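Could you put the whole structure together from the sequences, leaning on the hints where they help?
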Amino acid sequence: MSKAVLIDGLSILNRAFYGVPDLTNSEGLHTNGIYGFLNIMLKILDEEQPNYVAVAFDVSAPTFRHKMFEEYKGTRKAMPEELRQQVPVMKEVLEAMDIKILEKEGYEADDILGTLGRRFEEIGAEVSIISGDRDLLQLATDKIKIRIPKTKMTGTEIEDYYSKDVEEKYQVTPSEFIDLKALMGDASDNIPGVPGIGEKTATKIIVAYKNIETAHEHASEIKPKKASQNLVDYWEQAKMSKVLATIDTQCPVEFDPGAMVFKDMYTSKAYLLFKRLEFKNIIARFDKDALPKEERLSPAVLLKSVEEFEQAVKEDLEGQKSRGEQAVAGIYYHPQKPEGLCVSLASRPEPYFAPAEQFDCQKLADILKNEGYLVGVMDVKETLSWLKLDKDGVFDTSIGAYLLNPLKDSYGYDDVARDYLGMTLPSEKDIFGKTSHETVFLEQQERFMEFVGWSGAVARRGVSVLTQALENAKMDKLYSEIELPLAFVLRSMEDYGIRVEKEELKAYGDALVSRIHELEENIYDLAGERFNINSPKQLGVILFEKMRLPYGKKTKTGYSTSAEVLEKLRSEDPIVNFILEYRQLTKLKSTYADGLEGYIREDCRIHGKFHQTITATGRISSTEPNLQNIPIRMELGRLIRKVFVPEDGYVFVDADYSQIELRVLAHMSGDEQLIQAYKEDQDIHKITASQVFHTPLDQVTPLQRRNAKAVNFGIVYGISSFGLSQDLSITRKEAGEYIEKYFQTYPQVKEFLDRMVSDAKEKGYSETMFGRRRPMPELKSSNFMQRSFGERIAMNSPIQGSAADIIKIAMIRVKERLEVLHLKSRLILQVHDELLIEAKAEEIENVTKILREEMENAARLSVPLEVDIHTGKNWYEAK
DNA sequence: AACGTCACG
DNA sequence: ACGTACGTGACGTTG
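Numbering-wise, the numbering used here comes out as the position in the first sequence, counting from 1, plus 266.
None of these hints come from the bench; they were simulated from the model. Note that the coordinates shown come from a computational prediction; the quantities given were computed from them, not determined experimentally. Fair warning: there could be bad hints in the mix.
What the hints assert, rightly or not - When the alpha-carbon atoms are kept at most 20 Å apart in a straight line, the in silico PhoX-like pairs for lysine-lysine are as follows:
| no. | residue 1 | residue 2 |
| --- | --- | --- |
| 1 | Lys570 | Lys546 |
| 2 | Lys370 | Lys435 |
| 3 | Lys366 | Lys535 |
| 4 | Lys603 | Lys535 |
| 5 | Lys812 | Lys768 |
| 6 | Lys772 | Lys654 |
| 7 | Lys580 | Lys629 |
| 8 | Lys508 | Lys476 |
| 9 | Lys674 | Lys654 |
| 10 | Lys768 | Lys853 |
| 11 | Lys768 | Lys1139 |
| 12 | Lys309 | Lys269 |
| 13 | Lys430 | Lys476 |
| 14 | Lys820 | Lys772 |
Below you can see the structure in the form of structure tokens.
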């Protein structure tokens, strides 16, 4: 017996859209509806294994049934933009999956489903009709099953209705269901029904009389009286409703089962599309060996000799030079364990792979360099760990791709291939899974050669495409003058690392432990039981249920026990103070004392990593460990900085920008008040307080200054009265007044922020002083919250990003000057507005001068850039 | 893997 | 009416 699955496309898409939390791919396309649709469809297809499958859509024009009654057409609720944009993509996906799409001008999806459902039934097939819409229940028979998916917490559950199930649940047969609807109406479908008759009454009437015609004949018998009367008074409307509610099972849609045959959905086209939509779970369903082979890229071939390589390079150069082109090659490396060097040349389809065991890879790379090649490489900073490259001769594809769209979470060769070369390649993870490079190289060399070949080829082909794209976006200078040189600076910072006194760190940790134990005992005593204090869940139960403390906020999963909430409960019970202190100490112990210790290497130094392609704004990030969040605000935490020390004979020189973001704001907005204040080296928070609170400058209280400081921060973050009120524990109204006053004081700041938002809305991205872009898909959202978020980042990103640009410039210049002067001092850390130099004792003065000059002159603003510099024998003292 | 929490700028 | 400040990373718990 054959089986057919027919899907009500828009209805399921709609269900999925509202059932699945918002998802967006890195292009900013909303994908949650499509994702949910696919999950429902795949679940059903897996389960049913049908012979036929098709998806029906409405055509936007008014449908035939509704046309009969002009006044009822076209009043359907507008679709939100986030859903509307998914409809064409959904159809694209279905086409790519080789699933038949059914549309018929003038007919609704219902009619198509009804008609084809009946046809399939007539040829003896079993039919499943999938819809989120109960209207379809009228089609149920003992061969036609209506399936209504429900998105629940536990996953997707499906309610199934054969005709007997309809009768059980609604007390009427499927065909009587039409009459039921004719009486009760359906607002979402523009079916008026009969006023005063709802589901209950309608069911009673239809159970008794089977259809509206008979009911109308016996109208006088019907109770309540209002229903009886209205059935007579609105008889015409009832008849019309019945027509509207009736699904046309005879519509002239072609019945061609051959076109609906269920084939392999996992086509290469579908793979490509899922990659673009970033549906990782669905991609995982593809048979790995059947992944689309990208014919235009060949696997690498083993290099036989250096001579062979030299010969190939010579030929390649002749070719490229004769066309007057810059010679471009692409290389692949492995950052941790170099198993060899892969080189892709323009003149040969197959890249060369030179195993490290047989070849001096550095020598091969030098050949490229000496011949004047521009060498594409995916991640210069990592490559430098074993291959010396010259910044004048390389192009970093991951940095290029990052600048073009900093919102993505990876910039691998597969990402570049997909986004800039229009190719779909399996990712490194697709190929290797959990198997090591080494194992694949030894045991599945063919696969390995594909991988390195693609990597090399994409690195080469990415060079011109990304260069062009960067030029088009006017980010070529940002790339070549800031980002690429910076990669070399970061590399050297990582290589130097920072020295840490292991024993001191251990002692610090031990001191914490004894106090932590004391606190634990106190907490257990007060709570009356032992529990896991680190578990917010358990802690919430103890505090807010057992001890009945008043709870403030709640999170998705329960009570909030955040410091913000506990802070307000300090006076309620002594346990709160103990918990706050416990939290503080365990944080220091686990993340810093224990955490950092694990990173200390043989050389007594921590070599953390700096990442250049992570943040949306252009800042650098730090991991393994994060050296940009070492405690400083609280004294106890700050003490940790004493274990960060320079090498013997060296001292730390630490320089940080004073209020760089506010100065950038002054410059970018051109606000005369603000510029004037900075030119006169005024206390900016105090002056703001004086203006906002109408207080003479010399009478500003510390509290007023603190509040004004919060306002200044708020401005940089993309001010909202709510956010400010939270921060200052004041009402929204008061916060709103502060902001208004602020804008009166600095009117050009207001204009500037408004301009940032409107520009970003128009262009779709924001821009820093140096042309760094941040795309902002959120600004187009119809969701208030998301759009507001978009507006805040439109205000913040240019400021935070410009400050990031400036310190990057300073880093490059500082390092350059240290090198030119052959100083032993070196830049070792960057913390967003701060640089730390491990300086040779004799070089302190020189280093201080260099830091000051290069940082203050990194950019020419209309206000001075001020730098505070301290020296010390550890990081604690140098701040 | 997601969440809550908290460290930094 | 909606319900947040901007940008990160690490840890412990929990499902």
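**OP:** Check each numbered hint against the structure and report the violated ones by number, ascending.
**Re:** 1, 2, 4, 5, 6, 9, 14
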